[in-house]
Structures are given as structure tokens and as C-alpha cells.
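Chemist: Top to bottom, those sequences are chains R, X, U, P, S, Z and F. Numbering follows our numbering, with no gaps: position 38 of the first sequence is 38. Numbering follows our numbering, with no gaps: position 27 of the second sequence is 192. Numbering follows our numbering, with no gaps: position 3 of the third sequence is 357. Numbering follows our numbering, with no gaps: position 22 of the fourth sequence is 718. Numbering follows our numbering, with no gaps: position 257 of the fifth sequence is 1063. Numbering follows our numbering, with no gaps: position 130 of the sixth sequence is 1349. Numbering follows our numbering, with no gaps: position 125 of the seventh sequence is 1531.
If you're looking for bench data, these hints aren't it; they were derived computationally from the structure. You can trust all of the hints, since none of them are fake.
Think about it this way: if two alpha-carbon atoms lie no more than 30 Å apart in a straight line, the pair counts; the simulated BS3-like pairs of lysine-lysine are:
| # | chain 1 | residue 1 | chain 2 | residue 2 |
| --- | --- | --- | --- | --- |
| 1 | U | K498 | R | K24 |
| 2 | S | K1149 | F | K1443 |
| 3 | Z | K1395 | U | K429 |
Far from chain Z, some chain U residues (derived; all Cβ distances over 10 Å):
| # | residue |
| --- | --- |
| 4 | I361 |
| 5 | N457 |
| 6 | F692 |
Even for Gly, the Cβ is constructed at its ideal location relative to N, Cα and C.
Here is how the chains run, residue by residue.
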Amino acid sequence: MTQFLFYFLSFVAVAAGLMVITAKNPVHSVLYLIIAFFAIAGHYILLNAQFLAIVHIIVYAGAIMVLFLSVIMLLNLNKDNEPAKSNVLKLAAAVAAGLLLVTFTGTLKGTESIIASQPYDDQIGYVKALGKVLFNDFLLPFEVSALLLLSAIIGAVVLVKHDLK
Amino acid sequence: MQSLTNRKKVVGKKEMTWVEKLYLPAIFGGMRITLKHMFSKKTTISYPEQTREFSQIYRGMHVLKRDEKGAERCTACGLCAVACPAEAITMVAAERKKGEENLYREEKYAAVYEINMLRCIFCGDCEDACPKESIFLTDRIVPSDLERSEFIYGKDKLVETLENPIDISKRQTPEVLEFKKNKKLTHNR
Amino acid sequence: MFTPELIFKIVLIVSIFAVTLVIAMYSTYGERKIAAFMQDRLGPNRAGIFGILQPLADGVKMFMKEELIPDISNKVLFILGPCLAMTTALMTSAIIPWGSTINIGGTDFSLQITDLNIGVLYVFAVTSIGVYGIMIGGWASNNKYSLLGALRASSQMISYEIAMGLAIIALIMSTGTLSLKEISAAQAGFHWNIFVQPLGFLIFIICSFAETNRAPFDLPECETELIGGYHTEYSSMKLGFYLFAEYINMFIASAVISTLYFGGYNFPFMNDMGLSSNAIAILGVVFLFAKIFFFIFFFMWIRWTIPRFRYDQLMRLGWTVLIPLAIFNILLTGAIIFATNN
Amino acid sequence: MENISAQLTQVAPLEHYILLSAVLFSLGVLGVLLRRNVIIMFMSIELMLNACNLLLAAFSAFHSSAAGQIFVFFIMIVAAAEVAVGLAIIVMIYRNIHSIDINELSKLKW
Amino acid sequence: MIEEKQIKKTTESLPFGEVGGASKDYTTLNLGPTHPATHGIFQNIVKMDGEIIVDAVPTIGYIHRAFEKIAERRPYYQITPLTDRMNYCSSPINNMGWHMTVEKLAGIEIPKRVQYMRVVIMELARIADHIVCNSVIGVDTGALSGFLYVFQQREHIYEIYEEICGARLTTNVGRIGGLERDFSPKCIDKIEYFLKTFPAVLKEFESLLMRNRIFMDRTISVGAITAERALNYGFTGPNLRATGVDYDVRVMNPYSGYQDFDFVVPVGTSGDTYDRFMVREQEMWESLSIIRQAMDKIKQMPEKVFHADVPEFYLPPKEEVYNNMEALIYHFKIVMGEVEVPKGEVYHSVEGGNGELGFYLVSDGGRTPYRLHFRRPCFIYYQAYTEMIKGAMLSDAILTLSSLNVIAGELDA
Amino acid sequence: MSEIIKPNFNIAQVPPGHDGPGFFATSMDKAVGLARKNSIWPLPFATSCCGIEFMAMMGSHYDFARFGSERLSFSPRQADLLMVMGTIAKKMAPIVKQVYEQMAEPRWVLSMGACASSGGIFDTYSVLQGIDRIIPVDVYVPGCPPRPEQVIDGILKIQDLVGNESLRRRNSPEYKEMLATYGIKVD
Amino acid sequence: MEDTLLHIIHDKLKSKFGEDIISAEQAYDFPVYTVSKKKIIEIISFLYNEEELGFRFLTTMCGIQFPENKGGEFCIMYQLHNMPKNWRIRLKVFTPSNDMEYPTLTGIFSTANWMEREAFDFYGFIFKGHPNLIRILNVEDMNYFPMRKEYPLEDGTREDKNDSMFGR
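Kindly produce the complete structure, drawing on both the sequences and the hints.
Modeler: Have a look at this one:
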């Protein structure tokens, strides 16, 4: 049952990912990407990381993709007037990506099988466990990331401000 | 610009006090008002069951009056048609024949009298124009209908029936009512 | 397979589903009646006694209405929009604790479909994807008014979600849990969170107005400007779904507000009256619904009282008033927790 | 629910997660190479980031260490910041050159 | 949204200039002719950058009914129903204005009592007009309840109209030379009742909106126009007064005995929507006080004077028509339109609900006017709308429109 | 469609009453009609004076909401009843027709007031002499403008029509023919 | 006062424009000046700018047709207002029917824009220099000028009228 779920979600994620890059209409791309994200959220739940899954949905599906969608709507990009690349380039791109995949697979094949190094702990995905780690071991990165977000907000506002003189 | 009338009074204070800037007082004030209305008496008149009082001089559906003896007052003089800004009134005059004195008051009468109710704007000019106390607007309303042709009101719908005379005395001035008591005058005979 | 618990859960799911739909249906009726009463009118009173069948009439009419899909619009997305709106609106009810536990034949059954340990975040996630219904529908309509409505909805949603999240963070700080069940349980009796987090409550309720697209934040559909906003091009039941979703959202928002800030199923002196636990549970459900109905009424009351914002004013209110206020609230809560713990 | 998911990691081996991430990452790369629409390229980058996230979460689960998930959060933060700034740049570029074709941008001048 | 075809047809030939360089990412939006916010029918094709309006092209004439042409074919008294349908929110003012124009041409002196009765009717009409305008501003901001509260009062005004003339909206009240009948006791009661109940309701309406920050934010400095531009655009009435110019025909060129009344002319400061709203609110209070004064004056005057003694213009009383040959001849002559109007041209203006409502009448002595031109305030100031909404947001444009109180019937004539 | 899926087995003969507008159909019609007539959402196409009287009708004294019709749909897609109120000039006529065409079936039209029904006093070069020249009108309400009572009468007439209408009427060839005479295409 | 107003303005205009002021008369409460078409813009801008006159408000303007007045079949009436002094005057400009061109007033009064479009729509006056001289009230493809006396009021589509008896 759960194994089936894993393969189903994997299939959905890959298929949706494929549609993202092939869909003509940017809005469709966005919607497929959202589907892919939901599939990944499903994987997180399978991995017992519920908090991560929910945050993933809130951040990616709830915020980032809404932004994408609204930018596309704002710029009125629903016409699929994107000039296609030449077939040679397309082929080259496919070959390059395929080679990358092959490399990855080869690397994976080369390593010995990874075995769980520690006994499985199903509590790590919970808020309490995460919070402890985050605020004990990763306090500095946490603060830095806050700064990063702040600067990103300021940067975005400055960029789209109409006539900043 | 200088004042033109020396009666100028500037209205529209635009500065908000800090209390007003908080949004909430005005919102709560408004909510108090709406809540008060929620429990107040409702003004609605449930129309088909209840009817609203019409003014006695309301300008609704026309009536062609008969006199006391039941003869039609209209003499087909055409003044109402001339006075009608919508050109909604048409009539065909006819000569009264012998033996019809109880039907028609004057020697001439309207054989056909039609008002196009869809054209009519109920301005009351025909009532003003009538010199024979014949056409009056009443406080009845013209019903709506499904077919356009239904709105050509002929004499069948306009002339009051003997059984149900329509009282229009409230529309008339006291002078006219006084005048009508004088039975010697030709108009009242 | 069919344990009593599972059967109870199924019964619960079905009944919550039905109750949600019925309440949403009758919210439309309630809205019309309340609006009428607030405006010295009578409101619908021809369909059934006091117009009680009005929602049914509307529903049947909309089902029987011709489906119009504009030629140029994207058919799949056009249909997906209202469905998504409806689905996301219905999803949240799964984690709301509708009551404490009820004891049938010696077994305790929780009156909650599922207790997620991150329930608050779940509510948050579902509302945040709720906007897709509006955006997709508005975009697929291929109509400028709809598009404007969709754009307004998206930016409104993003802006007010932040303030809402910050308000919730302050609440979580004081309760110490993300589970709605625990939050409810912690408010037993009269220890409601509203007394702990009044400012947070204010921010939260304003944001829920914005998230449910209710006046004064009904910019995505405001009738006088955008005709119908995102649902301008929708007819028949697809429109019905949109309208319905709004009322479901309102119901769910009221339920969440009641649960988070007004004690959920708790009511004053619940443990002092010497009632059996089952009686308390049932009374709790009644009280929860009373609270929910009050908030639904409150939503309508506001709608028929105050004017709506302008788009940029709404943004300004969100970014320059509510978010700083919410951050201040967090700091304040933190300070108080720090002070009381020491 | 907990005891069900406790066995889950045994169901799908870690290699499968790695492979899935690799495929998704390659798809992202393919998207960047294939398309000329900046927004879609941007989305492909998001896809690549998510592939990494998935991998990190899988490692975290298999190593029973929360650090991997914490990394995912940081990646999400970076992604959010990136999207905010990146989309702002795209909007601005579009305002100026009325195109989001990557080839138009290669002039580095508008 | 509705007229996709229409937009396409119109946008092809739009006289939009190139605004700020390339115009590719501007949206054109078709407001009207059936947009809910255009109370009445006119079309505005607005060009927007996001929600900021860059340019607008108004199209009018959607209910052009050729008033001026009809007027050339109708006898004088039949033009009154036409004027009803011009500014239908305040038709009695139009009726009276028309009667006064003809009276001015024919040199008819109107007794004071009739003048005051006319003032009462006209001020009631002004209140009705301003009620519609101000409450519709409320509706367009989203506050519906206030609208329904004041509309109940408007129903009272309609009841009064009904007692005076027998109609609710298109009143056709009065005749050349006076009114057709005296105020009935019931009518006077109703006016008194209205004077008693209206202030409380108006207060309530004001407290719903006037100091509400949301409303103030929505209206202050929205759709503003300077006094100078307003005068250049020919603004009159509340819209001009909102800019600070206290031009009021009732004070500048008093007619119908307005010089005998004590009232102030409310003005605004910056000509924005809030000022227009406030000026109208204050004018309702002033109108109330004028009605009170007029009613007091009417009560002190001898009853039964409701028209001037002009048998060649004013229809003789019915009892005489029925019995008196001379009266019947006059009656026929008047109804046939054969009244002796002198040759000449005359302009008369009244302070209509929306501003100076002028009648320019050229008479060749015939039974119909030779040329009748209406100075319709709505028509004149609506062209400033484009200028007023440039740079504003879509919501502002809608509020500006409703606060200008453009009445389509008057706009298109 | 029906030709492809022809059942190759014999089914019992349907009694005549059940074919066509038989018993079941009519009671269904009645129920739907009852629902429809209590939920008529009007599209107020208000151009002039009558629009102001329509406002009075929405007001507290008359309260249109009693008939379940207070939800005005300014979008023609959602409206059931097109209320044309006020003068329709020739410039406006195509727009009225377009709005009618955009409405979803079933749709009804109420022509309110003299101007919309017949042109009223405006027998001029610029005014359409009655909207029934461009769209089919179900109910005419006379008056200039009609009193709200008259309009409510008209609405009651419309309700009667709606309540008694067969569900099949809108698909019938007669109906399509009728629309075709107005030059309105049916799909 | 009106009488003097008539003369004050007449003197000023006469001394400035001489022969272009064709006539001056007092009609009811308005001084009416008939002026020549060539100088109309100069006259109005003089009335606008001159310190003492200051006619800064265009109350209304409209076209009139006098078919019997040969050589001046068409006329445009301008009505100006000096608000502070409450002076009002009317200017009339006649033109023969074969020369419908007028200079535009939009340079001085913005409000003249639509008024001129209306005059064009009704009578066919051509205002040279008008920014957007197209029909305003009537449908774009109308091929006549409806307010001219020779055209009927009705379009003949009315069916429900029977005016054989009292026809106008």
C-alpha cells in the first residue's frame, strides 16, 4: 500500500515536472508545478515529516506559486508566443539533461548501499524536535536567514517601485 | 476666487482625530445603528396583499365617465388627443342617432376611443384638456400584460360600467363640486 | 476493519459534511434576511413560510440553469476553478474539534475527525491554497474584470496571510501547542484565549475577513467596480459553487475563530455544574455552534454596515498596520511569557 | 498513524528517493535549457531546488537526524527570497522591454 | 466585460495617445454601458496601468432622445413632461424652470404665495436628488444600509409629490402661470411630517459614513478638480461649490422669491469627492430650512392663490369651462397651443439638482418654440471626468462618477 | 448520439402519458418552476427614469427581496430576468441585444415603462420604438415610469410564466424559431 | 443697469473691433451682440482677458437655424458670464449655409469641446481646430444633421399612431 503510494507520488511528480517544462501556456506550467509540489509534499508525509510537508505547502503552493501565477496574470502572458528554440538546440538540451541523469545514476550505482546509520526515530519530523535542533544547533543560520528575507523584501520593493528617484 | 454671495460656508472637515484614525469607533457606531434598525419596525408593504395608500389625485388608469343617467360624456372633440404629448389617444367620432340619447350625452360621440397604454405617460394633460368632464385619470394602476396588443385600451376597458361607477369627485376642485350641485346649468342637466 | 472508531469517524465525517453544507446554504438565507432586517425590509418570504425554502429554490434554479462556458476560455481550468474553491473550503472542517470526547458504551470517541499535531498550520495551508480556485477561475474566464478580481484576490491573500500567521504565532506562543485539540482543551471553562490575546484576536478576525473575501475586503468580487469580479463569467452551478464556497469559508472561519480564541466547545462553569461528561460534550457542541453562529452573524453585520476599502488602502492596512501590530503582539507576548516564567 | 509511517522508510529504499530526486533535478535542468521564457526557467529552478529538498528530507529520515529537515527550511527561505527578488526583476524587465524572452535579455542592456 | 465585441470595435479607433512611451502593458477596460456603477448609461473605456487609470475615453449618447427637436414640435405646455425626463431625480425643478422661462418671455408676474409653493416643491426635489446622489456614493463604497435608510425618506418626498400633482417621479407639476392646484391639507401634513422625521434619518446616514475613516480614505482627494479648471469646464452646482466657488443661481440671480429666504451656500475646499458629498449633505440641511421658512410664509398668506391671473396662458377653472363660453374658448385655445407668446429670445436658469439648469428659448410667436436649448449641467461637466480620474485607481473612478451625479437623461438629452 | 447507442433489445412500450410531457415531466416541471420562480435574479438594465423607480422598488417600502430577487446580477451570465428600464436609443439597441444573447437559458425579459416598451413620448429619430423589435419580451409594464406596484405586478406575471413553463420549452424548435425571427442565434 | 452694461461692453468692443460688432441689443435681461464670424475668437478672448470685463465662464452655446434668414441661415449663440460681477452677455454669430466653418473655442474654454461636438452633431457646424470633432449623441454612422429644420422629428418607425384626425 505505502509502496504503491510512493511510486504513485513519484510518477505524479515526474509527470507533472515534465509537463511544467513542456506546457505551452505559462499558467498551465504553474499549475503543473503546483501538482508536482503536492506530490513532493506527499513524499514528505511518507518520510514522516509532516511539519515539513505543511510548511512546504504553505511556502511553495501557498505563497511562491501564487506569486508566480499573479505575475503571469499581471503581465498577461497567457498567450503562448514564446519563440521555440531550434530543434538542434532542443536535442542538445535533451542530451545534456539526459547525460546529467545518467551521471547521477552512475554515481548512485557506484556507491555502496546506504543503510540507516541510526535506529529510526519517527519523532524527528515533529515541531518539538525540529525546534530544538533549529534553535540549538542552527541559531546563527536562522538569524541570518531572517536577514536574508528582510533584504529580499526590501530588494523586491525597490525593484518594482515605479519611479524611485 | 473671492466670495460671490457672502453666504459662503465651508464644509467638509478633513482632518481626522486620532480616535477616528483607529477605524473602530466609526465602525462600532455604524454597527450600533444597523443593529438598532434590525429590531425596529419594518416599513415594507407586502404589496399584493397589502396596498399602499395612493393619493386621491394619483394619475393612474384612465376612465371615461358617464353622467348620472348613464350616458357617455365624451363628445369626441379631440382635445385630449391634441393635448397628449405621447400621441397615444385616437378616436373616431360618430353622430348620435335617434334613440341613443340614453347612451350618449351629446350629439357627437366617440365611436372608437383608444388609448395606447404603453405609450401613455400618465401626465394628466388629457384630463386637463377635457371640457366635458369625461376623461379622468384614476388611482387604479394599469396592469402589466404579456402581449403588446393588449395595451390598446378601447372603450370596453375605459368607459366605466354602470354597476361600478368610479368616483372621481376627489380629484375635482371644491368649486367644480359646488358647481355640479346646481342642476339648472346645462352641463349638469 | 470496521472498528467502532472507524464507524464513528465515518458518521462524524458525513454529519460534519452535511452540517457544513446546510449551514452554508442557510447562511445565504440568513444573510438575505439579516440584510433585510438591518435595512427595515422583510427579505425573502415567499418561498415557503418566511421564505425558508429560498436556498432550495436558488439551488434548484442554479442546477437547472444553462451552463455557459465562454468560447475562448480554457474549459478544464474554467471548471476546475469553482471545484477547487469548494474543495478547499470544505477541507478545513476535518481538524476542527467540534466537541470534547463522547462516551458511547464505555468507549471514548473524540468529536474531531482527526487531530493533527500541526493543526493550526494545516488550517493555514488550506486557506493559502484556497486562493487558487479564485485565481484559476478568474483567469480562465478570459475577461478583464475577472482577471482583475483574481489579481486582487491573490495579492490580498498573500498580504493578509502574513499578518494572520503572525497573529497565530503569538497565540501559539501562549498556548504552546499547534494542535487544535490541545488548544481547545487548554481553554477549559472560561480561560479563553481572547483574554490572553485580545490584540491577536483583532488582527486574526480582520485577516479572516480578508481571507474569506467578505466586506469590507470583498474587492475580488465587488459588485460596483468589477461587476462580479472573478465569477463574472460563471453561470449555473459553477457560480453556485463559488457563492457557496464563500459561505463555507465564512462558517469555517467562524469555527476557527471560536476554537482559537473563544474556547471552542468550552463554556463557562462547564465543570462546576455537575453534569455528566456526555452532557458536557453535547452542551459543548451546542455552545460551539452558538459561537459560530454569532460570528457568522458578525460577518454579515459588518458587511451591511461599513464601506469597503480601496485596493491600495487594503494593502496599506495589511502591510503597515496589521503586520507591525502583529509583530508587536508577538514581542509583547514574548515579554509577558518571559516575565511570568521568571 | 505513527506506527504505520515508522515502517514506511523501509518500504521505499533510499536509492529510490535519490533516483527520484535525480530525475526531478534533470527535468529542472532540461527546462532551463529548453525554454526561453524566463518565468518557466525560473520555475524549473524551483523544481531543482525541490529535488534537493526531497533528497535532504529523505536523508534526514534515513539518518534519523533533524538536521536535514532544517536544511530544507533554509533552502525554502532562500527560495522564497529568490522568488521575491527574481520575480521583481522579471516584472521590471518586462516593463522595460515588454518581453520575457531570455534571448532579449542577453543584450544586457535595455 | 459584457460587450467584448463593442470594445473591439471601439478600441480600434481609440484616440488614446501614446502615454509614457510604449503602451504595451496597459489594459483597456470597458466600463459601461451596462456597468453597475454607471447609474444611467454611458461608456468609459479606460486605459489602465495595473489599477491606475492612465486615460479614459467617454462615449455618451446612449439614451439620446432628441429633446430639443421634440420641443420644436410641441406646444409650450407639452414641453413640461419632457423636462421631467431630463434630470429625473429632481423633475419638479426642471418643470418649474421651464414654466419660469415661459413666464419670463410672456412677462407673467407670479404671486408670492405661488412662488413660495414652488420653492417648497423645488427644495423637496433638491433633497430627493441629493439623497440619491449621496446614498449612491455610499453604495459604491459598499455600504448599502445607509442607502436604504434615506430612500425611505425619499419615498416620503414622493408621497408629497403625489399629493401635489399625482405622480411620483415624472411629476409634470405646475403649469405656465402657477400650479394646477393648491396644497391640500393632507399634503401640508405630509410636508410637516417629512420636516419632522427627515433630520433624524439624515443624521443617522451621516453618522454611518461621514466620519468613518474607511469612507474618508476612499473619498478624500479622490477625483479632485481645482476651482479654476472647474470654471473652465463650466461646472455649476454642488460640484462647483465643492471646489470653493460659492456660485449658486438661487443667490446670484434669485428667481421665484429665493431672495426672501435665509440660507447659506455650502462650499468645499478642494473639489474632491468628499467635498462634493459634504456640500450635498449641507445643502440638504439648507433645503430643509428653506422649506420650513417657505411653509411658514405660505401659512401666513391668503389661501387659494395658486396661479397668476393670466387667462390667456393658464387654463380656466373647470366649472367655468363647463358653463362659460369665453372660458371654453380660452380653454380650447390653450389646449390647442394657440397661446400668444411674444417673439423674442430668453434665457432663464434655475439651480437644478446638479447645477445651473438653463433654458434658452427662441420664440417666433408660433405655437411651439422656435428653438429651445437646454443648458444641461450634467452634459457640461461630464467631459471633465476624464481629467478628474487620470492617475486615480479604478475604484476612485467609480466613486468620482457617482459623486459627480451624472444623470444620463440630462447628459444625453 | 442517440443513433449510435440504439438498444438492440426490445423494451416494453412506454405508456403514452410517460412519453413527452407526461405525468412525471409535469410534476418535475412544476417543482423546478416553483424553485425558479422564487429565485429570479434580475439584471437591471436601467437607462433612465425607470431605473430610479427600480431603486425605489429595491428600497424598504416595496422590498423586491420578498420575491427572492434582491440579488442583482449585473453579469448577464448569472441573470434570469432582463429588466429593461428606460429609453433604449438606437445607439443602445445592439447592446441590449448582446446582453440578451449573453444570458444563460432560461431567460425572461421584462420591459418596464413606456419608453422601453414602445418609445413613449419619444417618437424620435434616435429612439427605438419598443425593445420587442430586437429581443422577445415576456411582460410589458406600462407607466412612465410605472409605480413599483405595477412592476411588482409584472414580476408576479413573470413568476406565473416561470412557474408554468415546461422544462422542454427552451429546447423546442418553436422557441428556436422564435429567437431566429429576432436574429438571435441559438447554439 | 442692464442698459448701461449693454453700452459699457458695446463701447469696449466697438473701440477694439469696430466693424466686426454688427449689432447690439437688449433682450430681456441679456445684452446680445451680433458679431462677425472672422473675429469671434478674438472677441471672446478679449472678453475673457480684459481686466474689467472678465467673462471667464461659458454658460452655454448652441446652434440655431433660421432657414428664412438668407445669407445667415445658421447661427451660433455663445453665452458668457462674469461671475463676480454677475454680468451675462450673449453673442450671436451668423453664417450662411454654404459656409459652416467656425473657429473652435476649445482653446479658451475646455467646456466648449462637447458643446461644439453637440453643435456639429445637431447642425453640422465644422469647428476648425477642434481636437475631436465627431458625433457625440447620435450614432456614428448617421448621415444627416437631425436638428436642421428640414428633417423630420420622427423616423417613421412608429406603428401605433393614427394621426389622420388631429395630426400635427
